[in-house]
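Engineer: Next come the chains, spelled out residue by residue.
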Amino acid sequence: MNCQRFENVVSELARGQMMAAEQRGEALAHSETCERCAARLRDEEMLTRGLQSLAAEMETLDAPAAVEGKLLEAFRNREVVTRRRSNASYWAAAIAAMLLIAISVVVFRWSKAADEPRQAVKLEEPQVTPENKAPENKPAEEFAGVREQEDPLPQRPKPKRVRSSGVRRAESPQVANHVNNEVATDFIPLSYMSAASFQDGGQIIRVQVPRAALANFGLPVNMDRYNERVKADVLFGVDGRAQAIRFVQ
Amino acid sequence: MTNGLNWRMNLKSDLSDSELLRAMLAGDEEALALLYRRRQSGIYRFALQMSGSKTIAEDVTQEVFLFLMREGHVFDPARGSVSAFLFGVARNHVLRRLRVEHLLAPLGEDSDDDAPFLHPSNDLCPLDDLTRAETIESVRKAVLSLPSKYREVVVLCELQDVSYGETAEILGCAIGTVRSRLHRARALLLEKLRPAAAVEETGSATVKSARCFA
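Taken in order, these protein sequences are the chains called S and F.
For what it's worth, my numbering labels the leading residue of the first sequence as 13, then goes sequentially.
For what it's worth, my numbering labels the leading residue of the second sequence as 899, then goes sequentially.
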């Protein structure tokens, strides 16, 4: 062992710390041959003794007894405060929950009441949306969404079933008519206009036309009721010109 | 009444610190009392050895256990013992308090609280007692004069006999750091104590031989 390695272990040696017996033997042997390292070891041992004396002197020191009393008192007060707080928080939570329920009920009923007139308006005046417009270049038969039940028009093309519920479906004029117990075809463009050229906006006017008019749009006509009239909705554009028509039962 | 309390506390004396802490947090006053009696001494001495002030030591001891009452649930057994947790809290309080005291202390004036807190020994003759008391007082002052990062390792490892591992947990550093700081701290202490040591042991402290590499 040399002085450098001795320096690394001298503190542990003086403090009596656990170290390998071989290393300890080498360090002690070195201190016997090196005067400087022997003095270094003595210094370290002296320091260790001084620190041990200081530790021993303070071994019996305790915190003043009053501290324990204060702490226990604080603990009891804390318990009382916590208990009071927990009672108060329980009542506060209960009141908050009741208020929340009451507000939820009021809001729910209010929103339901507000929705009903809005829905009624929608049913009476359905908007023409691009989805509702008849696709271009399709035969007139495809536009015929007439239901078969109680329908005087025999041998029609395969009818489209009109579903009656759902938010998205409520926007459709077909659904609106169905809700009103009316069944209608899709809008059929008049003259040479295509469904894609329908203008936004406009107005729908309910009219009655001779049943023979169905034949003009390629729809089948019940010859037994040929002289009767049939309801139709005519879509007028913002320019006042009739753009499309649909037949209603 | 007191006998009943002591009897109940004896029943709990076998519980570990962690179990006592859990019981205390559940509202068990006896668990607090037992934990306090078990740990107050070390905390008080640590604060006293770190600060040199009985007032600070008393305040810190109280603050540590008040903190334990309020925030004891933050203790994580996986990160160390309750004892290490308490020492860590005490260390933070002491350092904070010392910073404040340092800012408020008037220049060039020693605190009245800085008086020695050693008990005279009855086992030695008056001369030996005086020498011993002087030596201990010298060591105490030398420890107090160390920078805090060296002082805390000396206090924990040398005076409180805390292991390197637990000291590392308390200080939040590696064991190697604890070792190196302790080594450096002891070197600083020897430098501070060397004049006194030179008087006591004339030979050893004044030897300045050439470095050998035998």
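Think of the hints as simulated: they come from the structure by calculation, not from any bench.
Computed from a prediction, not measured in an experiment: that's the story for all the values here.
Treat the hints with care, as some may be off.
[Claimed, not checked] With a cut-off of at most 30 Å between alpha-carbon atoms, the simulated DSS-like pairs for lysine-lysine come out as follows: (1) F:K910 to F:K1047; (2) F:K952 to S:K82; (3) S:K82 to F:K1090; (4) F:K1039 to F:K952.
Engineer: What hint numbers does the structure not satisfy?
Structural biologist: Of the numbered hints given earlier, those the structure breaks are 1, 3, listed in rising order.
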